[in-house]
Amino acid sequence: MTTKNLQLKKLLTLDNAAHLLMRNTVPILFILISAMAIPLSEFSFSYLSQELMTRLIRNSFLVLSLLIPIIAGMGLNFGMVLGAMAGQVGLIFVTDWNIVGMPGVFLAMIISTPLAILLGLICGIILNKASGKEMVTGFVLAFFAQGVYQLVVLYGMGAIIPIERLTLVLSRGYGIRNTVNLIGIRSSLDSAISFDLGPVPIPVVTLFIIALFCLFVVWFRKTKLGQDMKAIGQDMHVAEAAGIRVLRTRIISIIISTVLACWGQIIYLQNMGTLNTYNSHEQIGMFSIAALLVGGATVSKAQISHVFVGVILFHLMFIVSPMAGKNLIGSAMLGEYFRGFVTYGVISAALVVHAWTRFKTNQRQRQHLRGN
Amino acid sequence: MKHIQNFIIDFGWARIIIGLFLLSLFILAPVADVRIDTSISDTVARFGMACVLVLAMVPMIQSGCGLNFGLPLGIIAGLLGATCTMELELKGLIGLSFAMLITTVFGTIFGFFYGKLLNKVKGSEMMIATYVGFSSVAFMCMMWLLLPFKNPKMIWGYGGSGLRTTITVEGYWLHVLNNFLSFRVSESFVFPTGMILFVLFMCLLIWGFFHTKLGSALTAVGSNPDFAKASGVDIDKMRVISVILSTVLGGIGILVYQQSFGFIQLYMGPFYMAFPAVAAILIGGASINKATITNVIVGTFLFQGILTMTPSVMNSLIHTDMSEVIRIIVSNGMIIYAMTRVNKARQKK
Amino acid sequence: MITHRMKLFQLGLVLTFIAIGSILFYVGKGHDLILENKLITIGPVTYKAAPSIKLIIDDQKAIPVNSGFANKAFVVGASHSLKAQILDDAGAVIKVIEKKFKLSLHNSFLISMPALVANDPKWIKEI
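Going line by line, the protein sequences match chains A, B and C. With this note's numbering, letter number 92 in the first sequence gets 92, and the count goes up by one each step, no holes. With this note's numbering, letter number 275 in the second sequence gets 275, and the count goes up by one each step, no holes. With this note's numbering, letter number 123 in the third sequence gets 123, and the count goes up by one each step, no holes.
Among the clues, some could well be false.
[Stated by the list, open to error] If the Cβ cut is set under 8 Å, some of the chain C residues that face chain A in the computed set are:
id	residue
1	G21
2	G28
3	V76
It is worth saying that the hints were derived from the structure and are not from the lab. All C-beta atoms, glycine included, are put in the ideal place defined by N, C-alpha and C.
Build out the structure end to end from the sequences listed, making use of the hints.
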């Protein structure tokens, strides 16, 4: 009896280890690549830790905003770009009105929130109509929204929407310039209370806001709404049968995510200090989603730890690839292309794994029904 | 009245709006001082350039694999065909034909693996397709830098290595199809007979294919998989064949595009090229699981028509170039519209 | 079911946000101040340029506004104070004028040194 138990225990630990390895292939792969690339890039530890800290506080909020739709079974919310655009519109107005410092940042959040709610509502309604293809639709919706954003910002502002400060406007008389200097609110959240840990500046206020958000996510999971979303995420039909208003709850999850993406983009931009009016939001969706997946999250399961691990790993590779490529082959372009390839490859891998497991589960269920 | 009502519901309000929009642009053209013959010339040329790429959507839609957002993979096969042919210094129609041959080989190989992948992820094909497309473009970005091409017209100057971002096909097969049997209609309108003939030939080929036994089996797999299975059709094999077809057509499509456009666009060029093709076929009346050759021709014409007419007409009328914004809104809006329609159609049944 | 209470609560929330937004707007509004020490005509009176002045606004560093020249400053918010140190040719402080002022929501203001020295009520105006 005892030898059998021992053998069983051995099997369990080996099996567990293998399982752990399989489930976390993406982050492990990333750690391996980074481990090779870091020494190649010849960056110093202090430089890397400084850069990582900056990117961590810049991006965490945005990546955190992706959690709630995953819980609700909506998959990766590519529609977060809409929230980012709402935040940018808010920042354009705040810059126009010359409101500076922390009041500027919070005012931008306040005025862009209604816009973000509206956009989230529209996004949620469209995603509900495209049931089963939420991610592709969200993906295309982000591009569509960019067109509308350009319509408003490149043509409407200055012409129909009054802009006071003409320095923001293009020389032709209407339309916002390509770059907006956010010098008024630059680092206002970060520098408000900050101290240096060695070479690394620690922005207390921003970290506090991020921590608050994490607490919010933890609390939210325990509320009825959070539990409803989890139920919908597991099985829409069972949730419907249990009396949960599935369509309405899904829309709410998208609205919350969009508003959080809006605030996250404002935090991101106050750290950057400059707004690339037509580009800042473009890559945000892609990079945030890639970062989350690198942290070990999947399309159907994500936790707060995935967010931070992912941001650190993803941006680590992001920073070192160009220099590693340059030192290895003599071309920084290669490093940059490599980093692009890894970004898209990671998302592809996660999507394939998710789709494959979903397909297999459906298949098994059908076989079960057929009585195999 | 009922007939008209049914037609409107089937055809969709979005398409009617787009059709009327294009019509109004043509009507406004003389008012805006835009020459009709230039406009028609441009539209016809662009129609020919884009048609085969849109045609590439049909096989995968018919077999139930959804919209081929992974078209860049096929385009890459085409780019490889073009670059290899240029490297071998083959010119003219022979060069183009050789390029098509190489493209077909690469396209078949790529399509095979791509198809196998899609079979494993049934139900989420479109999302996977998009990212397969993106990843392959990103991967090829690295490859274009590393592959050992030697033709000085293709690589960076001053003894650099790696291909240039845009390579001109002038001197090789520029306008080879366009100029074949071309005739002059007016001062600035040369009808690109060769290209149009070739494009129509491809359409006929595909139309014919779908009326063969294999083609009907493919359609059955998409519209009624259980019936297909019961008839002894290997669903997975049919899907792979459709993916191979789409990929190869994508490669040939980009070759037709290049000989008219004049440039081979590498690196990030093909990145977003699936979207206009998807939008075009949807505008033409296709849905996510049903597409006909008529959809291809009508859709390409409407879409390219809007792309050609909007800048010139709008520019003259309101002195603003809103063409980019309109292109984004129309193409992506059309795709979203199609995505949200499927449910309604199924619910009706 | 959306009850009366919930609707009232939502309304209250919206009003609170509007209120907070307005406060933030007021508190965070930045103003450009142009400090001019040149000839200026206010109404019927014309003032000649004053002697060189060192201007201290709130707790900021002293800004030199020399006779015949102009300088600029930036402040945030509505209520401010300034200290004008009038200098003689050697650079020593002859006289000090202190003033408290409240700014409207306008973007830029002009502070005229000669008007300030002469204690003209319109020493600061919107531009």
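Hints and how they fare:
1. G21: holds, 5 Å
2. G28: holds, 3 Å
3. V76: Since the shortest Cβ distance to chain A is 5 Å, the answer is holds.
Violated hints are absent here; each numbered hint is respected by the structure.
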